[in-house]
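Chains A and B, in that order, give the protein sequences.
Numbering-wise, the working numbering puts 555 at position 48 of the first sequence, and it's gapless, one number per residue.
Numbering-wise, the working numbering puts 484 at position 442 of the second sequence, and it's gapless, one number per residue.
Quick caveat, the hints were computed from the structure, so don't treat them as lab data.
Treat the hints with care, as some may be off.
[Stated by the list, open to error] Derived EDC-like pairs (lysine to aspartate or glutamate); straight-line CA-CA distance at most 16 Å: (1) 706(A) to 520(B); (2) 672(A) to 520(B); (3) 696(A) to 413(B); (4) 694(A) to 570(A).
[As the list claims (entries may be wrong)] If you anchor each label on the Cβ, the simulated ranges turn out as follows: (5) 579(B) to 694(A): 51 to 57 Å; (6) 757(A) to 497(B): 26 to 32 Å; (7) 833(A) to 328(B): 48 to 54 Å.
Beta carbons are placed, not taken as given, at the ideal position from N, Cα and C, and that holds for glycine.
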Amino acid sequence: MEENLIQVKNSAVSLILEAKDQKELDEIKLQFLGRSGKLTLAIKELVKLPREKRPDMGRLANEVKNTIEETIITQEQQVRKTQSKTLKENIDITNPGIRPDIGHLHPLSQVIYDVVDVFKSLGYQAADGPEIETDRYNFEILNIPKDHPSRDTQQTLYLDTHKSKATPGEIILRTQMSAMQGRVMEKIKPPVRVIVPGKNYRYEQVDASHGFEFWQVEGFLVDTNVRLTDLFGTIDYALRKLMGEKTKIKFATTNFPFVEPGVDTYIECTVCKGKGCSFCKQSGWSEIMPAGMIHPNVLKAVGFDSQKVSGFAFAIGLSRLVTLRYQMDDLRLLVNPDLRILNQF
Amino acid sequence: MIAPLSWIKEYVDTTLKPNDLGERLTEVGLGTEKITKIDEDILFEFEITPNRPDLLSILGIAREIAALENKPIKFPKIKTELENITPKKILHLKIQNDYEINPRFTGIIIDGIKVTDSPEWLKNRLIKIGQRPINNIVDITNYVMFELGNPIHAFDYDKIKGKTMRVHQAKGGEKFKSVDGLSYYLPQGAVIISDEENIIDLCGIKGGFNSGTFENTKTIFVRIPIEKPTLIRRVSQSLGLRSEASSIFERGVNAGGSIEALGRCVDLILEIAGGEISSNLYDLKKEDFAPWKVNLSYERLNKILGISIKKEEVLNILKRLNLSPHESGKDSIKITVPTYRNDLKIEEDIIEEVARLYGYNNFPKTLPIGEITTQTVPYPKDYLIDEKVKNLLKASGFSEIYSYSLISEKDLSSFDINSDKVLRVDNPVSREFEYLRPTLKINLLKALIQNKPNFEKINLFELGKVYLGRTLDEAREEYMLCGVSNIKNFYEIKGILERLFEELNINEDPSQCIEIVNDGIIFELSFSNLLNKIKPGKIFKQIPKYPPIIEDITIEISEGTKTGEVISEIKKQSILIESVGLKDMYKNNRTFHIVYQHKERNLTNEEVEKIREKIIEVLRQKFQAKIV
Chain A
508 MEENLIQVKN SAVSLILEAK DQKELDEIKL QFLGRSGKLT LAIKELVKLP
558 REKRPDMGRL ANEVKNTIEE TIITQEQQVR KTQSKTLKEN IDITNPGIRP
608 DIGHLHPLSQ VIYDVVDVFK SLGYQAADGP EIETDRYNFE ILNIPKDHPS
658 RDTQQTLYLD THKSKATPGE IILRTQMSAM QGRVMEKIKP PVRVIVPGKN
708 YRYEQVDASH GFEFWQVEGF LVDTNVRLTD LFGTIDYALR KLMGEKTKIK
758 FATTNFPFVE PGVDTYIECT VCKGKGCSFC KQSGWSEIMP AGMIHPNVLK
808 AVGFDSQKVS GFAFAIGLSR LVTLRYQMDD LRLLVNPDLR ILNQF
Chain B
43 MIAPLSWIKE YVDTTLKPND LGERLTEVGL GTEKITKIDE DILFEFEITP
93 NRPDLLSILG IAREIAALEN KPIKFPKIKT ELENITPKKI LHLKIQNDYE
143 INPRFTGIII DGIKVTDSPE WLKNRLIKIG QRPINNIVDI TNYVMFELGN
193 PIHAFDYDKI KGKTMRVHQA KGGEKFKSVD GLSYYLPQGA VIISDEENII
243 DLCGIKGGFN SGTFENTKTI FVRIPIEKPT LIRRVSQSLG LRSEASSIFE
293 RGVNAGGSIE ALGRCVDLIL EIAGGEISSN LYDLKKEDFA PWKVNLSYER
343 LNKILGISIK KEEVLNILKR LNLSPHESGK DSIKITVPTY RNDLKIEEDI
393 IEEVARLYGY NNFPKTLPIG EITTQTVPYP KDYLIDEKVK NLLKASGFSE
443 IYSYSLISEK DLSSFDINSD KVLRVDNPVS REFEYLRPTL KINLLKALIQ
493 NKPNFEKINL FELGKVYLGR TLDEAREEYM LCGVSNIKNF YEIKGILERL
543 FEELNINEDP SQCIEIVNDG IIFELSFSNL LNKIKPGKIF KQIPKYPPII
593 EDITIEISEG TKTGEVISEI KKQSILIESV GLKDMYKNNR TFHIVYQHKE
643 RNLTNEEVEK IREKIIEVLR QKFQAKIV
C-alpha cells in the first residue's frame, strides 16, 4: 500500500514538472486527482487495510495529495511565466505604441487652472468680467484720473462709439484686470477674497515680449486687519506653489496709483538661473507680480471705510508665467495655433 | 533717466559698489535698468515711476542715495541772493499772468551776456546723459534742469515784442514754430506766452523759435515756470510731443524750488557767459508754495505693515528722507514734506516711505488671518466646468488654441459678415486687428488651414469670447465653444457633443450647431447658454437586477426617412423598451438595436414578441417599412 502511494506521488510529480502548458496540467490533475484518478482509486483501497494500519496510511495518502496539488500550483505559475515570456518574445516590443487620439490643453489653460487652484486653497473665489470696459472701472475708480501720467504705461484701445449713445473715449478694451476691483467690491462687503483671470488689451506693437492682447490674473483681499506682511506671505506662497518650492523671490518698491505701499515682485530667471540671459534682459530676474496695499482712495470709491478695513491686490502676468515656466522665448507662440507647438503640452 | 556716478558723487559720498547700489536703489523704488562703464565713469539708467518728478534730477537721485546710505547731501552754495539784489540798471518787462493756468511765474533779466560754446566740463556732462550741447545759455538751463529738476527757459529779451509777456490758452489751430525749427498747430487749451505780436512759448513743452537764444543774443530773460500737470499732459499727448520738461511737469514739478533753481542758473550764467542782472526778481504767485504737514500714527504704521519697527528707527528713517519728523503726541509723528516730494500727501504715502527704507526684503512673511467668506462673489466663474468641458474635448482628440479677439475686415468678409455690424476699435494697432470677433469660426478655420502642410489629422477647439451687437449700445460678450476637424464626420462630432451635454446634464440635440464646410466639420455653440442650462446634481438609477432581452431589427425604408423619427416611434411602443440605437445603415436598410428591460422580473420571449409585432406594424404603417 505504502509503496503504491509513493509511486503515485513520484510519477505524478515527475509528470507535473515536465508539463509544458495548462492543458497538460489539467490532464494530469484529472489523471491523479479526478474521480477515477490514480490517487483517488488508491485512497479507496484504504478501507481494505486492517483497521490499525488505516490512520498511518490515511495520513500518508493526504500528504501525497497535498504534494501533488502544491506541485501543480507551482508548475502552473511557472508555465504562465514562460508562456507570457514566449508570447512577448514572438512580438517586437520595440515597436512604438499605438496611442489613443487625445488632444492637448493649451499651456495658458493649464497655468490658469493651477493659479485658480492655488488661490482656492487660500479661500479665494474665482470671478470673471467684461473685456469691453468703461474708463471709470479701468482707470477712474483705481485712482487714475484722466491726464494722469501713469496712463502712459497703459496705452489704450478705444472702441468706436459711432452710432451709439456712448461718449467717445469712455468705452475701451480693458487694459488691466484691476478693472474688476471696482466691479466686484461695489457689490459686496468685506471680507473679500477674489481671483480674476482674463484677457487685457493695450495699444502696443507686437514683439517677442509684448502683445496687444495678453492674459493676467488679478487677486484682491480686503478685511479688517490686512497687513503688508500678509501680502508678502501670499505672494511667496503662491509663487512657490506655481514655480517650485526653491523659486527665489525678491520684492521692490514701485508705484501704481491704486496701491500704497506699492510692491513689485521678481523671481530668479528660470532660463539662466540668475546668471543673466536674453530672456531676462541680462538681469537674472524676471518681473512677475506687481502688487500693493489697496490705496485708501480706491477703498473710498467702492464705499469701504479705509480706517476700518485694509486690503491688498496683486496681478500676475499669465502670459509671462507660461513663457517662464516652459522657457518659451516669445509671447507670440501663445497665439500660434501650430500643432507642433500645441502638441508639446 | 541717465545718471553718471561722477555727477551723483558731487552731492553725496556713496560708498556702495555700483552693482550693489543699483540693487539697493531698485529695492527702494528707483528701478535700475542698466549700469554701464564708460571712460572713467559709470552710467546708471533708471526707470522713474510716474509719482516721482524729483527723481528726474541728479540731485533727487543723490538724495535717495543719501537716505539709503545715511549720508549728508552736499550742494554748492548759491551766490546770487535773488531776493536781495540791487541791479545797476533796470530793463522793463510787462508780465500778464493767469494763475489758473500758470500758478507761478519766476524770472529775471540778464544783460550783456556772450553766447558761445559751453566749457568742456558742461558739454561732457550733457553728452553723458544723452543731451546735445547747443550754446552756453541753453546748456546751462538744461544742466540746471537735470541737476535740480526745475525746467528753465531763456528768452532773447530783445526779441520780445513790446516787452510784454502774456500767459493764456490757445484757441486752437494757431501755428507755432519751436526753438528746434519744427512747426505745430496748437490744440485748444495749450498754455502759451505771447508778446505783442506772436506766440513765443509753448509753456512746459518747448520754447519758441522767434524768441530763442542764439549766437547774437545779448540780453536774456530767464524763466522758471510752474505748470499745471493736466494742462501740459493734454497738450503734449495731442501733439505727440514730449520733452524732459513736459515729463517733469506732468508728474508735478517742485513748485517750491523756483528761487533755488533760478539762483543756481544765474550763478552759472554770470560765471560762464558773463553779463549782469538787469531787473528785479519777478516771482508772480498767489500761494506761498511752502512745505506741508502730514500726520503719521505710529500705531497705524505698524498695523498696516504687520511688524513693529522701533520708534527711534521710524524717526531715523524719516530724518534720512529729510521729512523733518517730530513727535507731536504719544502715538503721533508730525512730518513736514519738502516741496520736491509731491507724491507724499497722505499717511499711507509716509508708511510706504518707512517700509521701503526699512527694506521690503527684511519683512517677515505671514498669511492673512481673517475669515473666509461664504457669500458668493459677484461675477462668479466656475473653472471646474471649464476644465471638465476642455478635458472632454481633449479626450476626444481635440487640441486647444487661443486666438486673437481682434480680427480684420478681410477675415469678416471671408465669412460674408458685414463689418458695419461688428464692434470696432477706433485706434487699432493695425488693420489686421481692427474688429472684435463675432464668431470663433474664422480663427479656427484659419488655424486648420495653417496646420494642413504638417498634419493629416487636425482637430482644434477654442473656448473663448465673442463680441456681439452691431453698436456699443447692444454690445454683449458671450463665451463660445468652437471646434473644427478635418477627419471626424458629422456623426462623430455630434456624438462628442452629445456626450458633452450628458456630462453637463443637459438634454438637447446639438445637430444645429454643426456645419459641414469644404475643409471639414465645424461646430460652434454658446458656452454661456450652456452654463445656464446645466442641471445640478445627477441622481443614481439602480442597475437592473434582471437580464434584458436585446435584439436587432433590420428594416428597409425610403431614403428620406429620418432615423430620429423612426427611433422615437419605436420607443413609444412600450415602456419596457429601455433604449433604441442605430446599429447599422446600408443603402435603404437600417438596423436598430433594441434593449427590452423589466425592472422587477425576467421578461419572457412572448412579451417581447408582442412588442416587436407592434413595432413592425407601426413602422409599416407610418414609414412603409419592410422587415428584412
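Going down the list of hints, with the structure as the test:
no.: 1; hint: 706(A) to 520(B); verdict: holds (14 Å)
no.: 2; hint: 672(A) to 520(B); verdict: violated (22 Å)
no.: 3; hint: 696(A) to 413(B); verdict: holds (13 Å)
no.: 4; hint: 694(A) to 570(A); verdict: violated (84 Å)
no.: 5; hint: 579(B) to 694(A): 51 to 57 Å; verdict: violated (28 Å)
no.: 6; hint: 757(A) to 497(B): 26 to 32 Å; verdict: violated (44 Å)
no.: 7; hint: 833(A) to 328(B): 48 to 54 Å; verdict: violated (60 Å)
When each numbered hint is compared with the structure, violations occur for hints 2, 4, 5, 6 and 7.
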